[in-house]
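**Q** Make a model of the complete structure from these sequences and hints.
Number of protein chains: 2
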Amino acid sequence: MNKVKLGIIGFGAQGGAYAGFIAEGRVKNMEIGAICDIDPAKKEEAAEKYPDTPFYEDYIEMMESGAVDAVVTTVPHYLHPEMGIEALKRDIHPLVEKPAGVYTKQVKELNHYAAEKPNLTYAIVFNQRTNELYRKVKSIIDNDEIGDIRRTNWIITTWWRPQGYYDQSEWRATWEGEGGGVLVNQAPHQLDLLQWIAGMPESVYSKVKYGYQRDIAVEDEVTTLLDYGNGATGVFVTCTHDIIGTDRLEILGDKGKIVVDDSKTLTVKRLKKPEPEMNKSMNMEDVAKIFMGESTEDIYETEVEEFESVWGGQHVAVLENFAANILDGVPLIAPGSDGIQGVALANAIHLSSWLGKEVELPVDEEQYLAELNERIAEEKQ
Amino acid sequence: MNKVKLGIIGFGAQGGAYAGFIAEGRVKNMEIGAICDIDPAKKEEAAEKYPDTPFYEDYIEMMESGAVDAVVTTVPHYLHPEMGIEALKRDIHPLVEKPAGVYTKQVKELNHYAAEKPNLTYAIVFNQRTNELYRKVKSIIDNDEIGDIRRTNWIITTWWRPQGYYDQSEWRATWEGEGGGVLVNQAPHQLDLLQWIAGMPESVYSKVKYGYQRDIAVEDEVTTLLDYGNGATGVFVTCTHDIIGTDRLEILGDKGKIVVDDSKTLTVKRLKKPEPEMNKSMNMEDVAKIFMGESTEDIYETEVEEFESVWGGQHVAVLENFAANILDGVPLIAPGSDGIQGVALANAIHLSSWLGKEVELPVDEEQYLAELNERIAEEKQ
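Same order as they appear, the protein sequences are chains A and B. All letters in the first sequence, in the order written, are residues 1 to 381 by full-length UniProt numbering. All letters in the second sequence, in the order written, are residues 1 to 381 by full-length UniProt numbering.
Derived from the structure by calculation, the hints contain no laboratory data. Honestly, I wouldn't trust all of these hints.
Same chains, same label: a pair holds when it works inside one copy or across any pair of copies.
[Said to hold, decoys possible] Below, a list of computed lysine-lysine pairs in the DSSO-like style, where the Cα atoms sit at most 30 Å apart:
1) K272 to K108
2) K273 to K136
3) K357 to K105
4) K289 to K28
5) K108 to K264
6) K136 to K289
Bear in mind the structure is a predicted one, so any value in this text is a computation, not a measurement.
**A** As C-alpha cells, then:
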C-alpha cells in the first residue's frame, strides 16, 4: 500500500472539497476509496464527478466493503464520535472533523476505543495547526522564549455569518442539530490553537449570548475569562455578528510578548532581561523614561514576520499527514485524542453561562449533558 | 477677578508639577494663591521655589486665609472627598484629583455637598478627557456614527511599576493607605474614559490578582467582564507588571468599529450599511468572498488618524478649564460629580473578585466598605 484509500462520509461542502483535493492529486499519498452520503442528490452528484468511485448510502457498509483503509467524517458534529468508534471497531483509521463531538462524554468514549487500538491512526482535522504562523508561536512558547505565560487574550470575531447561513438547513444553529453555535461550529479552531499553544485553563467564567444578533437558539457571541490556575489569566472573545472582524491574539510571558494580528502578522517582543529582574533593578527614573515614551530598545527587541496562507493548503496538509502516519508512522500534527480539549473548553464555557458562575475543568459531564438535553427539549416545544 | 488664585494642597510630585505649570504662565487664567503640605521638608522646598507664596501646614487654615479662591487636592485618595467638602463649606471651588475617593459612599457625600452649592465650580482631574483622540472617539459614539455599541474591549497594561515604586512610601499599595492598587492609582483614567465614552455597565465579573507579580497587598492585575445590560458586553484588562505594555481599545457598534492603538492611532471603520441590514441581505456567496479575503471596500470605509499629545498639556488644559468655568462659566470638561462613576466601577470590580461572583452596579456601599475595612484590618496584623 503506497496510497491510503480514503472513504469520505458526507459529500457536502467539506467532503466535496476533500474529494476535489485528492482527485486533483494535491494529496500525494491518498486516493478516494469511496464516498458515502444518505442524500440521494449527493449520490447523483458523486456519480457525475467521480463515476469510478464506489458510492454508499450506509457508512458501515462502506467500512466493511474493503474499498477504504480510512475514513473522514464530514458530517454533523454529534456523529463524529460514533462514526469514529465504528471505524476503529473495523480496523479502519478514522480522521474526525472538528469538533470531535458536542460533549466530552461521547468524545471520551471515542478516545477510549482509540486507545485500545494503538496501531490505528486516529486524527482530527485541526487544519490551523499546520499554519506556519501558529506553529512558530507554539515553538516560541515551548522553547521558553517569552518565559512563563502570564496572560492570553484572543479576540476572534472574523466568523461573520448572516441569517441566511443559519437558515440553510433546519438542523443548523439548533441544540439538537449542532449542540451549539459559534463555539461548536466556527471557533473550535481557535479553542484548539489556544489550548495547544498555552495549555488548558483550570476554570472559566463566561458571558454567552444566545440568539443575540441572529434568530437562532444557540450562541452568536461569547466572552470568556480563563484562569490557568497558576496565576495566569486569559480572555477569549468570539462572535458571528462582526462583519468587520477582529483577529488578535496576545500572549504575555515574563520574558516577552507575542501579538498575532489577522492570523498573518506575528510580532514578538523579547525582553533583554526577564521582567522579574527588571522589576528588581529598575527605579522610578527608568519608569519615567518609559512613561515619557523614550526609546524601548534597551528593554526589548522586536521581531515582525508576515505569513501567507493558501486556502485549502491546510486541509491538504492534514490529509497528507494523516496518510503519512498510516503509511510511515510520521508523527501526527493533530492526534485525534487532542480533540477532547476543545470540546471540554466549549462545554465549560456553555455551562458557566448556564449556571451564571465560574466552573472548573473538566466540568461534570452528566450535568453538562442534562443541561444540553434540557435545551434540546425546550427548542422542540 | 481675572485670575483664579489656586491653593495647592499637597506639594508632592503632582502638586509640584501644577505649581510649575502655573508659575511658568502656562495656565493663563490662574495664579498660585497658596501652597499647603504637612511635611516640613516641603515647606522648605516651597520657600525656596516660591518665596512669595503663602505656605500653610493646615489646609483649613489656608482655605480660611482669603489667599485662595479654589483648591486642588493632590493628596492620598482617601482625603479627596473630605477636602472637597471642607472647601465647598467655605465657598472655595474644589478641583479634586482622581480618583474622587476610594469608595462611593464618601464620594456621594462630596457630590451631595456640591449639589447644594451649584454656584461653586466642582471639577475632577480627568486630564485624559482633554486628549483630542478620546474626544473624537466620544463624538463618534455620541453622533451615532458607529451605531449602537455591541462590545467594548480595552487592554491597558502600559502602567508598569517596579517594586521600587511601591516601596517608596509605607502607605503605597496598602488598603489603608490607598484603598487599592492599579484600579485606584493608575487605571482611573481609563475607567473614566470608558464610562464617559461607552456608558456604565450594569454588572461586572472580575478576576483580580492581589500581589501577583509584586510584593504588595493590593491588586497588580485586573481582568473584568462588563455587561451593559442592553446586550452589549465589554472586557477591561489592566496591570502593572507588563513592561512591554499594551494599550488597545476596541469598540464594536452595529454601524462600524473603532480601534485605538497606544492612545495615538485612531482607526474608524464605517459600514456602508448597518450590520443588521447586511445580515438580512447578504448570502453565503458574499460570506465566502469575505472568508477568502476579497476586498472589503464594498463593506466599509477605513479612516486612520494619528494623534500626538504633549506631556503636561492635558493637566494645563484641565486647570485652565476649571478656572474658565469659575470666571466665565465655560462648560467643564470633567464635572466633579462624574468622578463617582470610575469609583463605582473600581468598587464593583474589587467586590466581584472578593465575592467570586458577578455583581450589579451600583454595589451595596456598606458591603463594599465592610469588605474593604476587613482588608485594612488584615494588613495591620
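**Q** First find the shortest C-alpha distance between K136 and K289 inside one copy, then the shortest across copies, and answer within, between, both or neither for a cut-off of 30 Å.
**A** For K136 and K289, the Cα distance is within 30 Å only across copies (28 Å; inside one copy 33 Å).
**Q** Are the CA atoms of K273 and K136 at most 30 Å apart within a copy, between copies, both, or neither?
**A** within (22 Å within a copy, 38 Å between copies)
**Q** Which holds for K289 with K28 at a C-alpha limit of 30 Å: within a copy, between copies, both or neither?
**A** For K289 and K28, only the inter-copy Cα distance (29 Å) is at most 30 Å; the intra-copy one is 57 Å.
**Q** Using 30 Å as the alpha-carbon threshold, which applies to K357 and K105: within, between, both, or neither?
**A** This pair counts as both: shortest intra-copy Cα distance 22 Å, inter-copy 28 Å.
**Q** With 30 Å as the alpha-carbon cut-off, assign the pair K108 and K264 to within, between, both or neither.
**A** Neither way: K108 and K264 sit 34 Å apart in one copy and 49 Å across, limit 30 Å.
**Q** Quick one: K272 to K108, C-alpha cut-off 30 Å, is that within a copy, between copies, both, or neither?
**A** Answer is neither; intra-copy 44 Å and inter-copy 47 Å both fail.
Hint violations for this structure: numbers 1, 5, all remaining hints satisfied.
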